[in-house]
Amino acid sequence: MTKPAQMTSHDATLADDTVSHEHHEHHIPKGLMRWVLTTNHKDIGTLYLWFAFIMFLVGGAMAMVIRAELFQPGLQIVEPNFFNQMTTVHGLIMVFGAVMPAFTGLANWLIPMMIGAPDMALPRMNNWSFWILPFAFAILLGSLFMEGGGPAFGWTFYAPLSTTYSNDSTALFVFSVHIMGISSIMGAINVIVTIFNMRAPGMTWMKMPLFVWTWLITAFLLIAVMPVLAGAVTMVLTDKFFGTSFFDAAGGGDPVMFQHIFWFFGHPEVYIMILPAFGIISQIIPTFARKPLFGYASMVYATASIALLSFIVWAHHMFTTGMPVYMEMFFMFATMLISVPTGVKVFNWVATMWRGSMSFEVPMLFALAFIVLFTIGGLSGLMLAITPVDFQYHDTYFVVAHFHYVLVTGAIFSIMAAVYYWVPKWTGRMFNITLAKWHFWCSLVSVNVLFFPMHFVGLAGMPRRIPDYSLQFADFNQWISIGGFAFGLSQLIFLTVVIQACRKQGEPVSDQVWDGAHGLEWEIPSPAPYHTFETPPVVK
Amino acid sequence: MKKLANIVLMVLGTLATTAAFSHAFAAQQATGDAATLNLRKGVTDISGQVYDLHMLMFTICVVIAVVVFGAMFISIYLHRRSRGATPATFHENVKVEIAWTVVPFLILIFMAFPAAQTLIAMEDTSEPDMTVLVTGSQWKWHYKYMDSDVSFYSLMATQREQISNRYEKGENYLLEVDRPLVIPTGQKVRFLITSDDVIHSWWVPDFAVKKDANPGFINEAWTKVNEPGLYRGQCAELCGKDHGFMPIVVIAKAPEDFAVWMGEQEKMQREAKAEEQRLLAMSMSMEELMSEGNKVYTATCAACHMPNGEGLKGAFPALKGSKLATEDMQGHIDIVVNGKTGTAMQAFGKMLSLRELAAVITYERNAWGNNTEELVQPKDVNAFIQGQ
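Residue numbers (our numbering), protein chains in the order written: chain A, 35 to 574; chain B, 194 to 581.
Honestly, the hints are just simulated from the structure, not real lab data. A virtual CB, placed ideally from N, CA and C, is assigned to each residue, including glycine. Incorrect hints may have been included.
Simulated coverage check for chain B against chain A, where a stretch passes if three residues somewhere in it have a Cβ under 8 Å from a Cβ of chain A [what the hints assert, rightly or not]:
id : segment
1  : 251-262
2  : 390-404
Counterexamples of contact, computed for chain A against chain B with all Cβ distances above 10 Å [what the hints assert, rightly or not]:
id : residue
3  : W84
4  : G265
5  : G300
6  : F328
7  : E362
8  : F367
9  : L505
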């Protein structure tokens, strides 16, 4: 509360500020260099989002190859070796290239606008953390064209398949993962420093929008685990090329240790991909229910609990590796516990809707679909936590169904909801509502045709990561592939909507855009000016 | 009108989905094929317990889903702006929030007890009646009966032509092997599971046994099969190119039948050894070696080096025209017998008989235009092995 007083001393120069501010805008470089040199959080947010979208389409194209091969039993289109490269790179691209950069893009656009800051705290690092990403993925995708192909050991790159038994392109894989990790860490540092130091006067911790809270916690998770991933890939590199034996029993190492290290990164990583989604849904539901979020404080505590628990559940990915029975029990019970704070979140969203005054605009449709479908993924997750039955589910399509429900209809649906929710603020125009509804309904139906039958084939015994399957699985796989192609095509509708929005087609919108929307980002003009909150607002 | 259309669409979608699933269930009951939609009950006491646990968890999850989604859809129906709903202003309620933290916790405790009980039973490998060592390698299983001399490799028996769609696919496509594992019913069989190369996972759904095969370490699992029968499984951990093509078949026989089978195997194993000795004294003809070599090559080598001997660039070297397979004969025998450390090339010396080794090396030196006209006899291979 001392800051406003400080501000008044500058009041006299405020008029000047406005002038110099416009003067500044005249000097935005045009064309390509604007984007290469930009330190503006909105530009960088846009870059991240477009990059994520392109990667989503590239990773999606690989999923189409996978589903085309699995359309019928037998090998029709690709060789098993290439099939394994497709599953591997599809996973890597969707995790590190699509979901994570999309959330970082949203963080860049929204966090300064939500907390009343003029920009991110470290704008030059912000530029760098984005611009190394295209190189990381160029290296990864380029490795596919090497002799012997790219990485084919699954996105989890278990040793020794990724060390002794992989080909030389592994070095490129390791290098590209290092770059992705550095980018993520820099993004996370920026988010933390911004939120800690640049909140507007009166924006106390417990007044922060939930999207800001969930991203803050996510950023801490990133800083904690990305170095662990960097360690894992480095050990893979030295095991393969420099004669170390971290994961080779012949030299005193242990291949299962790789899995412990990987999943110590990997499980918090899953929450890195879902906590910001919780934040988005917690912004959207109150807007369209026209009622404040139920249990704000418990939402914050639940997010923090999920983040803390994420560090003590990693070995539930490894129940079949031959752990001692007491460790299996510890990880089973710890994993089951996660459903408590996650349940609190879902109950809070339903309670927010309860006795509200709901309307069903496109962002709300995606948010509602998120709640139902993410919960289905959460419940199958609870089933997977039960060690004795996990022995049956593990490494089958039941697991594939589970993590696609939480990541596609969870994380990705939340990103789509976020884009539809905030894109009018970004462009100043309403998107094409008819096409957006087509996008929603086509996606909703096809995504369930795609992923729901995977539960059945998984329970019936179809292992994951196989290019060919026995005849009993043929009918369902055909349905799954049809759903997959339909879901892939539906995303072209999304592409059309987004391109139209970027070209500023559509009706101009008000500053508030949605009549139930509250928060600082809805108080600035639409479209959001290039520079916002150069003078901090005061939050009451 | 638009809202109405949306609701109609939603109802239709739900109906269509329900209809599709009930149709699938009906079809399943009609054919008696229990293994297309749900987990199977299996044929051991443990697998039955696992199935019950699965159904318990499934039921609880469905109940939770119905309650949560029910509340949500009631709210969506009743509390719509288009119905003239005015928003309430409440945004917290400590009692309710404590209730929905505590109640799920109690449900979890209710789930934890049976889960822990079953888990402890599954991991108790003590006091087995017999033990089998299961070793995975790219891409086959090896079984060794620890109480006798009997051991053998078990390879997928589905023809490559079926996979490449040139022949029609058989009933047990990808789930059939040349030599199944045979175990007795009613006895506690312990499996020691390990690997020669990468991580594999030995999985037979009907036993509810899935355990990773880790190179350099030995895992334990066990089963006690109640019903004689034939049970199929697959490798469940990505292990490279042909991960999808390393099935598992286990035949459970009544103890008397098992004893008979075991006797036969021991006799066969002895005879094979005698044959090996006999072969050392004589020479095989080019035709014999080439035709046997072709078979061994197709079953053992073609997965990596390809049926045309050209390998896969950057991953598996070509044999066609290679220096080793056309000039350096001792080097050729060496790499086949001892493998090459640090690569996917395994040591086949312990996997194949002298006759098979001689045949496949001869084949590789004379197929695909390698025409060295050189013969490698079982005694040559034996001399190499003895000389090491």
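Okay, the hints, checked on the actual structure:
1. For the segment 251-262 of chain B, the stated coverage by chain A is satisfied: 6 residues place a CB nearer than 8 Å to a CB of that chain, which reaches the threshold of 3.
2. Judged by the Cβ-Cβ criterion of 8 Å, the segment 390-404 of chain B is covered by chain A as claimed, because 10 of its residues qualify and three suffice.
3. The claim that W84/A lies off the interface holds: its Cβ sits roughly 31 Å from the closest Cβ of chain B, which is beyond the 10 Å cut-off.
4. No beta-carbon of chain B comes within 10 Å of the beta-carbon of G265/A; the shortest separation is about 20 Å.
5. With 10 Å as the threshold on Cβ separation, the claim that G300/A sits away from chain B holds: the shortest Cβ distance comes to roughly 15 Å.
6. A cut-off of 10 Å between C-beta atoms contradicts the statement that F328/A is not in contact with chain B; the least separation is 5 Å.
7. With a least beta-carbon separation of about 6 Å from chain B, E362/A fails to lie farther than 10 Å from that chain, contradicting its non-interface assignment.
8. With a least beta-carbon separation of about 6 Å from chain B, F367/A fails to lie farther than 10 Å from that chain, contradicting its non-interface assignment.
9. Interface exclusion of L505/A from chain B breaks down, the closest Cβ pair being 5 Å apart, not more than 10 Å.
Checked against the numbered hints above, the structure breaks hints 6, 7, 8 and 9 and satisfies the rest.
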